[in-house]
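K.L.:
Below, each chain spelled out in residue letters.
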Amino acid sequence: MIQTNIFSKGRPLAEYLKKQRENKKFIKTVETGGTFALITFFLLFAIRPTALTISALIGEIKAKEQMVAEMRKKIGNLVLAQDAFSQVQEKYKVISSALPDNADYRQSMVQITSAAKESGILIDKLNYDLTSVKKDTGPSQLESFSVAINKAASFQSALDLTDKLLHNRRLIGLESIRISSTKNEKKSSESESTPSDNQINISFVNEIYFWQNQNEKK
Amino acid sequence: MKKNKIVGYFLFISIFSFLSIFVYLVQKSYINLMGPITQTKTSNLTKPIDPNLDIETINLIEQRKEYSLDQ
Chain A
7 MIQTNIFSKG RPLAEYLKKQ RENKKFIKTV ETGGTFALIT FFLLFAIRPT
57 ALTISALIGE IKAKEQMVAE MRKKIGNLVL AQDAFSQVQE KYKVISSALP
107 DNADYRQSMV QITSAAKESG ILIDKLNYDL TSVKKDTGPS QLESFSVAIN
157 KAASFQSALD LTDKLLHNRR LIGLESIRIS STKNEKKSSE SESTPSDNQI
207 NISFVNEIYF WQNQNEKK
Chain B
18 MKKNKIVGYF LFISIFSFLS IFVYLVQKSY INLMGPITQT KTSNLTKPID
68 PNLDIETINL IEQRKEYSLD Q
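Just so you know, the sequences run in chain order A and B. My numbering applies: residue 7 is where the first sequence begins, and numbers increase by one. My numbering applies: residue 18 is where the second sequence begins, and numbers increase by one.
Just chain A, with the same shape it has in the complex:
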């Protein structure tokens, strides 16, 4: 009897303790949840703007540092390029002799007559067509004039002259070349040269270029 009484008295106590444990667990869970919620709140409204600002500032600082390094490198390269350019500038005469900024008829005449002389052809007449200075419509906008040569010469000399003209420093293009037998020329008696038997009559029309616009811009 006494035993059952102890049991009946102990049950509410056990239930009470169980409830207390559950309550403690509940409070702990609420505390944990609340802590996370609070941290989230702070993360969103306090840490977020600060972290974003700090990261943006650090990013900008690093970018600027990188930019400074790149610029230093660039300035160094620019100085080197300047030196290289001043060296190239000394060669301006070379460029000018190849593609002058004006027609420079005298220089072109010297080139043709000297090349012909070296090839064994004595040129006594050059026909400059000054009425039709051509202008290239492309991006280069090169201008050119024609020079016609009509002379009797050996085939080898004519080939040599063609080669010399095409490989001359002054930019010379061969617009047309006409080779004819001297006999035909004799018959028609149109030739102004005095051909011999082993010679041919050769007529060149050369295009000689110059680049006025480009240099005007400078």
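There's no promise every hint is true.
[Claimed, not checked] Computed cross-link-like contacts, DSS-like style, restricted to lysine-lysine with a CA-CA straight-line distance of at most 25 Å:
no. : chain 1 : residue 1 : chain 2 : residue 2
1   : B       : K64       : A       : K68
2   : A       : K70       : B       : K45
3   : A       : K34       : B       : K20
4   : A       : K80       : B       : K20
5   : B       : K45       : A       : K68
6   : B       : K20       : A       : K31
7   : A       : K70       : B       : K64
8   : A       : K30       : B       : K20
For the record, the hints were derived by calculation from the structure and aren't laboratory data. Remember, it's a predicted structure, so these values are computed and weren't measured experimentally.
Here the structure of chain A is known, so what remains is to put chain B in place on it, guided by the hints.
P.N.:
Just chain B, lined up with the frame of chain A:
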């Protein structure tokens, strides 16, 4: 029992929110950090200059013969 369930959900939501906001914050900070650096890398200002000028054509021209009046 119902109270416990609600608290469980509350805990889950708060942890999930915390994690998602944390990830968002890290990602956004990384974008903020790397954004200006990548912008600098792709910028025209940082394009390198080659100091070696191409003078091959000038050398070729120089090799060609030019006649003068004396020749």
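K.L.:
Among all the numbered hints in the text so far, which are the ones the structure does not match?
P.N.:
Number 4 only.
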